[in-house]
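S.K.: Okay, here's what each chain looks like letter by letter:
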Amino acid sequence: MTAIALPSGVKVVRRRPPWLRGTSLVAVVSIGMWVIVALTLPLWSPHDPLEPIGDRLLSPNAHNWMGSDALGRDVFTRTLWGARQSLPISFVVIVSSVIVGTVVGAVSGYFGGWLDTVLMRFVDITMAFPPILLAMAITASLGPSVRNAVLAMILVWWPIYARLLRSQVVAVRQREHVESAVAIGASRWLILRRYVLPLSYTPVLVNATTDFGQVVLLTASLSFVGLGARPPSPEWGAMITEGVTNFYDWWIAAAPGIAILLVVFAFNFLGDALRDSFDVKDRGR
Amino acid sequence: MPLLLAGIATLVFVISRLTPADPLVSIVGERNLNNPEVVAAAKAQWGLDQSVFVQYVKYMKNLLHGDMGTSFTTRQPVTSDLLDRLPATLELVICALILGVSVGVSLGILAARHRGSIIDGIARFFALLGASLPAFWAGLVLLYVFYAQLGWLPGPGRLDTRDTPPSRITGFYTVDSLLHGDISTFGNAVRHLILPATVLGLGVVGIVTRLVRASLLDEFSLEYVRVARAMGLRERTVVNNHALRNALLPTITIVAFTFAFLITGAVLTETVFSWPGVGNYAVEASRRLDYPAIIGVTILGGIAFLLTNLVSDVAYAFADPRIRLS
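Protein chains in written order, with the working numbering: chain Y, 1 to 285; chain D, 1 to 326.
Everything labelled a hint here was simulated from the structure, so no lab data went into it. Do not take every clue at face value.
[Said to hold, decoys possible] Partial pick of chain Y residues on the chain D-facing surface, computed with a CB cut under 8 Å:
| id | residue |
| --- | --- |
| 1 | VAL92 |
| 2 | LEU133 |
| 3 | GLY226 |
| 4 | PRO231 |
| 5 | GLU242 |
| 6 | GLY243 |
| 7 | TRP250 |
| 8 | PHE269 |
Note that the structure is a prediction, hence the values are computed from the model and not measured. Note that the Cβ used here is the ideal one computed from N, Cα and C, for glycine as well.
Let's have the full structure, built from the sequences with the hints guiding it.
M.R.: In structure tokens form, the structure reads like this:
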């Protein structure tokens, strides 16, 4: 494109999308840093997360920034290693839930009929329970382990996206370009894939971002009640359980708690900004 | 509605059958397995030697009679266990809701009135913070600061150990102690409520602030608000007497659902504060793999949801003349 002469004094300002400005940028950067820590930690980890480094229950000092725990392990190191559990677990849960939710929501919304009724009733039923309680019940029934906790969280989480996507698909299906596609004889799968889904998935993606933080919280909560990662695993929720046992040695629980707070806060902030900029309604859960 | 209830019960039945363990063990407990009479009785009652379908029908029938099996740990019927613990949870949840809703509505109004200003930013920050705090960790921090370090507030539990609980009328220690005229126990119960109610309320503040702010801003763009402002009414009158009434309608629904979710969702807060409620029961149950108890709490969660659904519909009709009069 050739340059258009602008009146003098007018500057072309290339604006970043609103969710990459100001505080949201801080959120994006801090999420990025956690991801980098999680990926590269084995290369530069200050200590071994599972081996004692010296005395037990040291209070924070210049050498052990967050002190040591009841077995003499470095709390700061263990907190960093926690990112290598929470982040991948939450990622798997969110991605799987989005995939399952998208398939169910798309089929339900586009084809309608009795299948739609059955699927959506199932979604209603699942969403009648507090996520933490249902996840606890399923994990306990399957047997406590990280794998089962992940499975339980996916089972609890996908209905949200199914419902969201379905409402979008139902709305988009009515539009004229879909009608024209039907008129020229395009197959139903093609229409769904090419003309309906691309216009429907934004709210799902925006909510998935905010939910990432909530899943980090849920993962830690399940470990905290003894249904997810177990000691000696350096998982944030499990570490806080150890902090409860050593209540007066505050640093043991402080570091993993701050880590959870930072990650969840960043995702919530980013999600909030995304929601504003894509004008997606809060689903209020 | 009955359909949803049946669905909830069915889902719970499916979860209870996920266990690799023999359901017989989860009903009579391991110790009674050698007792043929108990085993035979349980088999007959729950239809365990018959097909899954018969088991399902029997399960539903027992559920309708309020029988949810026997807890391994307490050796009591799960239903009576839950009823024992429900008042403690309700007392906590109601306090948390009062706290969370009053702070949340005020913050929401402030944020909406000063949209885009620093006040709005601060309110938003607190709302997001409330949604991001891990409840179990926040509880620990508050306990450490206000109980262990400053000594201003009492530690975990509903009462000091040297105080005896008031004899049960409603099961709410605050109400019961007042009914007995026991002021010192009342004060003690209230002081024990402050920290857990704050932790639980923080999450509510987050939800309510954002909702009130958003719906107030929606109302502000409507003509009746412009008219009210054009008539020269004070901004406070416009907000409090005109816009807020309409803006609070969606809040009723959300508060009702939050209430339902907190009854069984206060799991983490109750654990940290050793609060002898339903959530604590659920955690103890899942640590010991006490299936009937976990399933019982899950059913209670479903029932709470259905009941509040009903109540919020009624409250909505009451608050919104368009529904009441149509």
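S.K.: If a hint holds in the structure, say so; if it does not, say that too.
M.R.: To see whether the hints hold, each was checked on the structure:
The beta carbon of Y/VAL92 is not positioned within 8 Å of any beta carbon in chain D (closest approach about 20 Å), and the interface hint is therefore violated. A cut of 8 Å between beta carbons decides the hint on Y/LEU133: the least distance to chain D is about 5 Å, and the hint holds. Checking Y/GLY226 against chain D by beta carbon gives a least distance of about 5 Å; that is within 8 Å, so the hint holds. A least Cβ separation of about 13 Å between Y/PRO231 and chain D goes past the 8 Å threshold, and the interface hint is therefore violated.
Nearest Cβ of chain D to the Cβ of Y/GLU242: about 11 Å, over the 8 Å cut. The hint is violated. With a least beta-carbon distance of about 7 Å to chain D, the hint placing Y/GLY243 at the interface is held under the 8 Å criterion. With 8 Å as the threshold, the beta carbon of Y/TRP250 comes within range of chain D, its nearest partner Cβ sitting at about 5 Å, so the hint holds. Nearest Cβ of chain D to the Cβ of Y/PHE269: about 6 Å, under the 8 Å cut. The hint holds.
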